[in-house]
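Q: Sequence:
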Amino acid sequence: MVDHPTIDPIEELITAYNELNSSAVDELDEEPSPLEFMRYVSRNTPFVIRRGASNWPAAKQWSVSFLRDALAGETVNVAVTPKGNADAPTRLQDGSVVFAKPWEEDQVFSEFLDFVVRQETEPPSCSGPAHGGEIRYAQTQNDNLRNEYSTLFGHVQRDIPFARIALQREPEAINLWIGNSRSVTALHKDNYENIYVQVLGRKHFVLLPSLCHPCVNEQRLAPATYARRQQPEGGLELRLDAADDKDATPVPFALWDPDAPEENATRYSRLACPVRVTLEPGDMLYLPAMWYHKVSQSCGEEGICVAVNYWYDMEFSGPLYPMSSFVRSVHLSQQGHGKAE
1 MVDHPTIDPI EELITAYNEL NSSAVDELDE EPSPLEFMRY VSRNTPFVIR
51 RGASNWPAAK QWSVSFLRDA LAGETVNVAV TPKGNADAPT RLQDGSVVFA
101 KPWEEDQVFS EFLDFVVRQE TEPPSCSGPA HGGEIRYAQT QNDNLRNEYS
151 TLFGHVQRDI PFARIALQRE PEAINLWIGN SRSVTALHKD NYENIYVQVL
201 GRKHFVLLPS LCHPCVNEQR LAPATYARRQ QPEGGLELRL DAADDKDATP
251 VPFALWDPDA PEENATRYSR LACPVRVTLE PGDMLYLPAM WYHKVSQSCG
301 EEGICVAVNY WYDMEFSGPL YPMSSFVRSV HLSQQGHGKA E
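Just so you know, we're using UniProt numbering here: the sequence shown kicks off at 1 and counts up by one.
Read the hints as simulated data drawn from the structure, not as lab findings.
The structure presented is a predicted model; accordingly, all values stated were derived computationally and were not measured.
A couple of the hints might just be wrong.
[Said to hold, decoys possible] Cut-off 20 Å, straight-line C-alpha distance, at most; resulting in silico cross-link-like pairs (EDC-like, lysine to aspartate or glutamate):
#, residue 1, residue 2
1, Lys101, Asp245
2, Lys101, Glu280
3, Lys101, Glu301
4, Lys83, Asp259
5, Lys83, Asp94
6, Lys60, Glu30
7, Lys83, Glu105
8, Lys83, Glu122
9, Lys83, Asp114
10, Lys60, Asp94
11, Lys101, Asp190
12, Lys60, Glu280
13, Lys60, Glu301
14, Lys101, Asp87
15, Lys101, Glu19
Given the sequences, and given the hints that come with them, work out the whole structure.
A: Rendered as structure tokens:
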């Protein structure tokens with residue numbers, strides 16, 4: 001009887017995916033037709049349309065002064081963290097890792113905007129408290145462009161026509177994002193087909209397909225929330241959510257960072273082939289449902305980074321969702337996590 005070498009099926013799966021798919025994002029010169037878009041959706045493959053939104057009023061008109069005037073007197077929700085690490089795994093002094101949520105508060109938009117710009121454009125020695133203690137980011141993911149920022153909604157498309165026609169649905173949410181280079185979005189995934197439009201500054205995406213779940217070291221993290229300390233000490237502190245809080249359920253979240261690949265790695269992390277793409281002003285990215293993405297940003301002369309994204313509900317029938325869930329469950333079972341949530 002001949003002994004055959006043992007093949008790790010997860011390693012074989014990820015390796016086969018890497019061999020059959022490009023490590024670069026397709027770049028298009030114009031919007032795809034609904035049929036062309038659906039081909040990308042069916043393959044669960046990203047693409048970027050260079051200058052695809054360059055004719056939008058937002059891309060032509062928005063600036064710091066324009067936004068300040070357009071939202072004069074308005075109050076907006078702002079996420080506040082000490083290091084720009086909202087909704088991210090964070091290590092406590094005792095060595096444990098928690099899922100850190102931001103402190104949220106309402107701020108006058110002009111004051112928020114001035115803080116973000118000053119923090120980005122002035123040297124630390126000149127800008128005083130703007131550089132110490134906290135990072136502010138407008139990042140409510142609750143359809144805020146059609147609600148909180150409705151004044152600006154007329155400057156962008158009401159939907160993405162090729163996506164609406166192909167997917168046969170309206171966007172579930174349209175979100176506005178405003179911050180500076182100090183805010184980073186940790187590696188995570190969403191159950192949405194995502195069309196991401198860059199308006200000011202640049203966004204830097206690191207992408208991984210959902211089949212790379214075994215690479216990202218998902219762990220169940222206790223949730224914690226930043227809170228402001230009482231004066232005179234001030235600043236922010238991270239507090240574990242109360243056990244009786246409805247939001248205190250452990251959060252499954254990736255610990256592995258593709259920009260620090262030796263840390264928090266699994267036996268499969270070495271197989272990951274991150275796809276990297278930078279969005280310039282006016283660019284449009286299709287980010288397929290369930291793709292892991294880490295997002296950092298950089299600012300131009302305006303000192304802010306502004307983007308808009310359109311979330312379309314993904315189609316849960318077909319092979320994508322059950323296959324991704326199966327790979328996740330198999331890997332978590334190997335790791336001794338028991339049944340996946």
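Q: Are the Cα positions of Lys101 and Glu301 separated by 20 Å at most?
A: Violated - the C-alpha atoms of Glu301 and Lys101 are around 30 Å apart, more than 20 Å.
Q: Lys101 and Asp87 were given as a pair; does the straight-line alpha-carbon distance stay at or below 20 Å?
A: holds, 5 Å
Q: Is the Cα-Cα distance between Lys83 and Asp94 20 Å or less?
A: holds, 19 Å
Q: Has the given pair, Lys83 with Glu122, been kept, meaning a C-alpha gap of at most 20 Å?
A: holds, 18 Å
Q: Please work out if Lys101 and Glu19 have their alpha carbons no farther apart than 20 Å.
A: violated, 37 Å
Q: Given the hinted pair Lys60 and Asp94, is their Cα-Cα distance within 20 Å?
A: This hinted pair is violated, its Cα atoms lying about 49 Å apart.
Q: Check whether the Cα positions of Lys83 and Asp259 lie no farther apart than 20 Å.
A: holds, 17 Å
Q: With a cut-off of 20 Å on the C-alpha distance, tell me whether Lys101 and Asp245 pass.
A: holds, 14 Å
Q: Please work out if Lys101 and Asp190 have their alpha carbons no farther apart than 20 Å.
A: holds, 17 Å
Q: Just to be careful, I want the Cα atoms of Lys83 and Asp114 compared with a cutoff of 20 Å; is the pair within it?
A: With Cα atoms ~18 Å apart, Lys83 and Asp114 stay inside 20 Å; holds.
Q: Going straight from one Cα to the other, do Lys60 and Glu301 come out at no more than 20 Å?
A: holds, 15 Å
Q: Is Lys60 within 20 Å of Glu30, Cα to Cα?
A: holds, 18 Å
The structure shown violates the earlier hints numbered 2, 3, 10 and 15.
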